[in-house]
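Chains as they are written, first to last, in the numbering used here: chain R, 71 to 317; chain A, 14 to 231; chain E, 4 to 229.
Source of the hints: derived by calculation from the structure; they are not laboratory data. Any given hint could turn out to be false.
As the list claims (entries may be wrong) - For lysine to any residue, the following SDA-like pairs were computed, each having C-alpha atoms within a straight-line distance of at most 25 Å:
(1) A:K224 <-> R:T124
(2) R:K91 <-> R:T124
(3) E:K187 <-> A:L96
(4) R:K142 <-> A:A73
(5) A:K224 <-> R:K142
(6) E:K208 <-> E:Q143
(7) R:K177 <-> A:E195
(8) E:K215 <-> E:S116
(9) E:K20 <-> A:A73
(10) R:K99 <-> R:E88
(11) R:K99 <-> R:R257
(12) E:K187 <-> A:F94
(13) E:K215 <-> A:R75
(14) A:K16 <-> A:K224
(15) R:K311 <-> R:G246
(16) E:K208 <-> A:I68
What follows is each chain in one-letter form.
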Amino acid sequence: MDSILELQDIHKSYGGTEVLKGVSLSVNKGEVLVLIGPSGTGKSTLLRCINLLTRPDRGTVLLSGTDLTDPKTDLNRMRQRVGMVFQEFNLFNHLNVLNNITLGLTKVKKMAVAEAKQVARLELEKVGLADKADSFPGELSGGQKQRAAIARALAMQPDVILFDEPTSALDPQLIGEVLEVMKELAREGMTMVVVSHEMDFTREVADRVVFLEAGQVIEEGSPAQIFYHARSERTKNFLGKIIGLPA
Amino acid sequence: MDKLDLIARNLPYISQGIVTTLLLTVVALTSGFAAGLLLSLVRVYGSNRAAGLAIAYGRAVRGLPLLVIMILFYLFVADLFHLSAFMTAALALGLHSSAYQAEIIRAAIQSVGSGQMIAARSLGMSQLQAVIYVILPQALRLALPSWSNEAAVVLKDSSLAYAIGTAELLRRAEYVSARTYEPLLVFGTCGLIYLMLTFTTNRILGALEAKYRLPDGH
Amino acid sequence: MAEEVAFIGKIIPELLKGLAVTCRLSGGALLLGLGLGLVTAVLRVYGTGLLKAVAVIYSEVIRGTPLLVQLFILYYGLPDVGINLDRLTAGYLALGINSGAYQAEYFRAAIQSVQAGQMSAARALGLSKLQAVIYVILPQALRLVLPTWANEVIYMVKYASVVYTIAVPELLARGQMLNSKYFKPAAIFFTVSVIYIIVITLITKLTDGLEKRLAIPGLAVESGRD
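Construct the complete structure from the given sequences, taking the supplied hints into account.
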């Protein structure tokens, strides 16, 4: 099992508050890692540290051995290998769905336009949006927007995809279609790091669950271990509050 | 009736002023846009020192009446570069407009959600690529309504070129009025012509706005 | 260098007299504009028939034509129909009428952004339409319009300079008069510019401060001449 992603002792402060207090994690190829924990404990910040959208104050981020925190690293090039899906979708509003996907391919991967469109259409088929290629983000439902965003990230053929609360901004009836796409990705062996509150999804799909609270890793293990045999009181407290599992 | 006749006979001469006025407006708006775009980018993405300079420029230019800028250009810039009255007026108008366009574009850039930049960077785009392909296309669309307003303002402000002798619409109207001793009639007609110009401009820009508005009314 | 400074010192009193004229002009214009603007806005929003038409024509025509043309019509044109205005009066009127049309738009937008429910609630209490406008709508609209109105103050101080073209001795005109007397354009117009920039910056700071204290938090009308 090779480690595709390694976070070593990540620290981050905002203003005077320390949000991440020395987080270390490693993710293996093909693994689905889910980060759970109370809101505001730095899960999103941690995710943003992985592709250096936020620069950690201290600590190292290794992507397949390359140190992303090294100032000499070409981050723009490295970011092609880390996909990201956002809570707020962040589709490019002025471009239709097809061009949302081809933009990264043509400008960053320097693909020819025709080839890029082909790749884009393939990805759209995979997420079930083939017929929406010419639509604009403003014309799509939340679930469709998120699936388009996933297609956009997939098209770049990343080594790992980061999901930052992908379903939190969706109406309940639209959550399912997005989780389905994510489950399919996991089945196909995509390495995924997911921040989510969807416990059923986590139980079903996660290879490992990491419980983060107050900027620190409290516990990690398989879903079965975390949900039913949690060792830490704090883990049990958190789980008890959100899914009513017996403590 | 012979008043109408008077207008009709002098209309061609006055109307040539329309061309000058429109040219002044176009040159001023274009140069103002180029400078304003640069300034707004410096303000939003530049270093603190560069942004500070851009802010100072904006404060200085917006702290002066256009007429003062025109006269400053006339007194000090025209001779230096051997500029015609037209170019002097056009550049003064352009400088003045650049400060306002910078504000308009800056506000538009800042109202494009921050998520857009983050998404673009997460795909591996450089900041420059993100600005050119993601931020500006949206910002410029958002800026259209305010920009249309600025276009109308520049059109009307072009009349101040009168003060430095540029032969635009108002200047020509003044010559005719002096020759015919019918100032009310002539200046009234001049006003009507401007009204038609601003009306047409608003119509055209309004159509552009409707065309480029993003679906979902963004 | 020292003689330049001395020269500037010599001309400043004269320039400040011009500044005073500028301030009086813009102040008077703003007040006239306030009256005209409020009435026009109310007529546009709540009026009907002829009164509303007049209000619409007034604001559309004035905002669609340059200030300088309006000034010339008043000063050079009106004598044709027997009305002879002296330059200062023409200046006040032109600026005031011009400002009124723009202020009418700002008030109109502010009135229309006061929620419809306010009028309903007022009428439900038994207030007449006029009472509702005076006691419920306008007080809210006036506070919404503050930022834009503050902008208008700044615009008026700058646009007052157009009366230079009809030889009213405001700041710019005095600069020109001093220049034809002493022929030192650089020193003179540099000083004129600095005075303008200082005055405008001061007004901007002042109105920003006032705005923060008087405006309704979270609500403001987006508009202005630019």
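Hints versus structure:
| no. | hint | verdict |
| --- | --- | --- |
| 1 | A:K224 <-> R:T124 | violated (38 Å) |
| 2 | R:K91 <-> R:T124 | holds (15 Å) |
| 3 | E:K187 <-> A:L96 | holds (21 Å) |
| 4 | R:K142 <-> A:A73 | violated (41 Å) |
| 5 | A:K224 <-> R:K142 | violated (45 Å) |
| 6 | E:K208 <-> E:Q143 | holds (24 Å) |
| 7 | R:K177 <-> A:E195 | violated (63 Å) |
| 8 | E:K215 <-> E:S116 | holds (19 Å) |
| 9 | E:K20 <-> A:A73 | holds (22 Å) |
| 10 | R:K99 <-> R:E88 | violated (30 Å) |
| 11 | R:K99 <-> R:R257 | holds (13 Å) |
| 12 | E:K187 <-> A:F94 | holds (20 Å) |
| 13 | E:K215 <-> A:R75 | holds (22 Å) |
| 14 | A:K16 <-> A:K224 | violated (43 Å) |
| 15 | R:K311 <-> R:G246 | holds (23 Å) |
| 16 | E:K208 <-> A:I68 | holds (15 Å) |
Violated hints, in rising order: 1, 4, 5, 7, 10, 14; the structure is consistent with all others.
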